[in-house]
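Could you build the full structure based on these sequences and the hints that come with them?
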Amino acid sequence: MKISTIQEILDAEVVCGEEFLDDEVHSACGSDMMSDVLAYVKDQAVLLTGLCNPQVIRTAEMMDMRCVVFVRSKCPTDEMIRLAKESDLVVLKTTKRMYEACGKLYLAGLGVSPTEAKAVN
Amino acid sequence: MDEAVRFHFVVDGEDFTSAGQASVQVKKNLRRLGIPPEVIRKISIAMYEGEINMVIHADGGEAEVLVYEDRIVMILTDRGPGIADVEKAMQEGYSTAPDNVRSLGFGAGMGLPNMKRYTDDMKIESVVGEGTTITMTVLLA
Ligand SMILES: Nc1ncnc2c1ncn2[C@@H]1O[C@H](COP(=O)(O)OP(=O)(O)OP(=O)(O)O)[C@@H](O)[C@H]1O
Ligand SMILES: [Mg+2]
Chain C
799 MKISTIQEIL
809 DAEVVCGEEF
819 LDDEVHSACG
829 SDMMSDVLAY
839 VKDQAVLLTG
849 LCNPQVIRTA
859 EMMDMRCVVF
869 VRSKCPTDEM
879 IRLAKESDLV
889 VLKTTKRMYE
899 ACGKLYLAGL
909 GVSPTEAKAV
919 N
Chain W
-3 MDEAVRFHFV
7 VDGEDFTSAG
17 QASVQVKKNL
27 RRLGIPPEVI
37 RKISIAMYEG
47 EINMVIHADG
57 GEAEVLVYED
67 RIVMILTDRG
77 PGIADVEKAM
87 QEGYSTAPDN
97 VRSLGFGAGM
107 GLPNMKRYTD
117 DMKIESVVGE
127 GTTITMTVLL
137 A
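In order, the protein sequence lines correspond to chains C and W.
Sequential numbering from 799 applies to the first sequence in this note's numbering.
Sequential numbering from -3 applies to the second sequence in this note's numbering.
These are calculated hints, taken from the structure and not from any lab test.
Don't be surprised by glycine CBs; every beta carbon is placed ideally from N, CA and C.
There may be inaccurate statements among the hints.
Chain W side only, calculated, beta carbon under 8 angstroms to chain C, not exhaustive [stated by the list, open to error]:
id	residue
1	F3
2	S19
3	V35
4	R37
5	G103
Computed footprint of chain C on chain W, listed as stretches where at least three residues anywhere in the stretch have a Cβ under 8 angstroms from a Cβ of chain C [as the list claims (entries may be wrong)]:
id	stretch
6	9 to 18
7	42 to 48
8	105 to 117
Spelled out as structure tokens, the structure:
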């Protein structure tokens, strides 16, 4: 799925990384606990979260992710946007809540792991 | 001993917003050195967990990364409270992190086991009241 499709499905605002909206991603995860993201996530390229601090961006960068989606209109700070730009991350912001945002993407075929994504297609 | 490329960082314990800065920089440096992405990922995750630990449990510390031809060694040193029972701390889910740390997205008790998982060798030296030194090695190739 293209990141631009995620943006459309979630009716999201692009905070930064417009130039990467055409990039393809195959899986996503949702969590407010960065500890769990670091421990359980494998190759998911998209992180949906309700947490708003610089460690969200750094965690995504450490995990080689491509896109961070802030749910419930959680607003990334200027510092976070600066970090995201440095790491070539797309940052999206949606008014949807975590459950709905994850559910919509899952229904549209964005799975939890690349292997599963292949099985769906 | 063979010549190593060395990176050194002071990890600020006062300011949580900067936690993870050193790991981001190490990742950039390793990319520039042409280290394979799978290796960089292991090092990034292990170092980031260790760096966050130094900030939330030990008021900061120092990080040293040594890049040898056949391995990368990370040494994280702090003068925090130390770890009384290392074996217990290594268990998944064991955490002494207070609620305010949890509201920042950490404190699930997964960091140390994760550091061990992503590295080929990990050694914890800790003295209660004096501090902790964690040495992690990731082999290249
Ligand atoms: N550098 C350190 N100095 C003192 N105590 C530490 C240090 N690192 C870890 N600990 C202790 O070991 C426990 C387990 O660490 P671990 O990283 O596994 O979990 P956590 O940091 O509590 O949560 P998480 O890493 O999942 O965010 C910590 O809660 C803390 O009590
Ligand atoms: Mg930890």
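Status of the hints after comparison with the structure:
no.: 1; hint: F3; verdict: 16 angstroms, violated
no.: 2; hint: S19; verdict: 6 angstroms, holds
no.: 3; hint: V35; verdict: 12 angstroms, violated
no.: 4; hint: R37; verdict: 6 angstroms, holds
no.: 5; hint: G103; verdict: 6 angstroms, holds
no.: 6; hint: 9 to 18; verdict: holds (count 6)
no.: 7; hint: 42 to 48; verdict: holds (count 3)
no.: 8; hint: 105 to 117; verdict: holds (count 5)
Violated hints, in rising order: 1, 3; the structure is consistent with all others.
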